[in-house]
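Trainee: Sequence:
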Amino acid sequence: VKKFEQIYQPNNMVLCVVGDADFNKIVKFAEDNFGNEKGKVPELKVGLKNKIKIKSRKGIDQANLVFAYHVPLTSDKKSHTAKVLSTLMAEGMSSKLFSEIRMKRNLAYAVKGGSNTNKDFAYNFVYVGTEKKNVGAVKELILEEFKKVSENLGEKELKQVKEQMIGNHYINMEDSQNQMANLLFYEIEGSANDFYNLEKNIRNVKLKDVKELAKKATKKYSFFALVPE
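Add 2 to a position in the sequence shown, counting from 1, and you land on the number used in the working numbering.
Hints listed in this document are in silico derivations from the structure and should not be mistaken for laboratory results. Heads up, a few of these hints could be off.
In silico SDA-like pairs for lysine to any residue, Cα to Cα no more than 25 Å straight-line [unchecked claim]:
no. : residue 1 : residue 2
1   : K150      : K218
2   : K79       : M182
3   : K98       : P74
4   : K40       : N26
5   : K5        : N35
6   : K141      : L200
7   : K51       : E146
8   : K161      : D196
9   : K30       : A183
10  : K57       : L109
11  : K221      : D122
12  : K79       : A194
13  : K106      : V229
14  : K150      : T220
15  : K53       : V229
16  : K161      : H171
17  : K98       : L200
18  : K149      : A194
19  : K222      : E165
Put together the whole structure using the sequences plus the hints.
Mentor: Structure follows, in structure tokens:
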């Protein structure tokens with residue numbers, strides 16, 4: 003309780019309302035229900051680390067593996083480059099790794115990825131659910147596809163990925179709950195204005211930056227696989 007009271011105070015909170023609401027009533031509600039107590043969020047020092055590990059466990063039927071790499075923080079304009087690369091590589095059935103690993107070679111049950119970018123730490127990841135015997139082959143395919151992108155990605159393909167991301171963004175904005183969650187995230191990590199500037203920021207991502215980040219992913223990465231005994 004003491005730790006909760008030290009951190010969760012009005013000066014560390016964000017109130018977000020999405021929809022047809024009266025601004026003055028919201029202000030009055032906040033003034034009536036939030037006090038003047040001050041809290042402090044502890045600063046965490048996050049160090050960069052890469053590691054490769056394979057662990058066996060009884061009672062599981064398939065291998066679960068994760069390939070991850072560090073990307074720019076949200077305070078860096080190139081953080082949007084990370085999101086573009088993640089979408090290109092592993093988000094959706096049109097992504098490169100889904101196509102190469104599952105569709106073409108049938109080496110996996112699931113292939114998906116994401117970009118977790120914050121002001122203190124940031125990384126992209128690829129998850130693959132496969133058989134134990136395929137772990138090595140899947141890892142090599144992941145590295146190979148990142149290498150291909152670092153060398154051969156063109157403006158046309160990059161533009162297609164950007165349009166896909168922008169389209170999904172506007173679809174998500176139609177859901178008020180999604181919009182509220184995104185506004186809260188952007189405000190906590192920097193500024194809610196960045197949420198409304200997402201289209202511009204995605205369009206401004208440069209080809210050379212995407213290729214450079216893909217190249218870095220082949221050099222410095224973490225890899226973990228949990229496999230059946």
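Trainee: A separate judgement is required for each hint: does it hold in the structure or not?
Mentor: Taking the hints in turn, this is what the structure says about them:
Restraint check for K150 and K218: satisfied, since their Cα atoms lie roughly 13 Å apart, inside the 25 Å limit. This hinted pair checks out: K79 and M182 have alpha carbons roughly 23 Å apart, not beyond 25 Å. The suggested pairing of K98 with P74 holds, with an alpha-carbon distance near 22 Å, which does not exceed 25 Å. Among the hinted pairs, K40 with N26 is consistent with the structure: their alpha-carbon atoms are about 24 Å apart, no more than 25 Å.
In summary, the hint linking K5 to N35 is supported, as the alpha carbons are separated by about 21 Å, within the 25 Å threshold. Restraint check: the Cα-Cα separation between K141 and L200 comes to about 32 Å, which exceeds 25 Å; the hinted pair is violated. For the hint pairing K51 with E146, the CA-to-CA distance comes to about 22 Å; that is within 25 Å, so the pair holds. With a C-alpha separation of about 21 Å, the suggested pairing of K161 with D196 holds against the 25 Å cut-off.
Taking the CA atoms of K30 and A183, the gap is near 23 Å; set against the 25 Å cutoff, the hint holds. A C-alpha spacing of about 20 Å is found between K57 and L109, which places the hinted pair at or below 25 Å, so the restraint holds. For the proposed pair K221 and D122, the alpha carbon gap of about 22 Å is at most 25 Å, so the pair holds. As the CA atoms of K79 and A194 are separated by approximately 15 Å, the hinted pair is consistent with the 25 Å bound.
Taking the CA atoms of K106 and V229, the gap is near 23 Å; set against the 25 Å cutoff, the hint holds. Between K150 and T220, the direct Cα distance comes to roughly 10 Å. Compliance with the 25 Å bound is thereby established for this hinted pair. Proximity of K53 to V229 is assessed by CA-CA distance (about 17 Å); at most 25 Å being required, the pair is judged to hold. Only pairs whose Cα atoms come within 25 Å are accepted, and K161 paired with H171 is accepted, the gap being roughly 15 Å.
Between K98 and L200 the CA atoms are separated by roughly 23 Å; this keeps the pair inside 25 Å, and the hint holds. Straight-line distance between C-alpha atoms of K149 and A194 comes to about 35 Å, which puts the hinted pair past the 25 Å bound. With a CA separation close to 29 Å, the supplied pair K222 and E165 exceeds the 25 Å bound.
Of the numbered hints listed earlier, those contradicted by the structure are 6, 18, 19.
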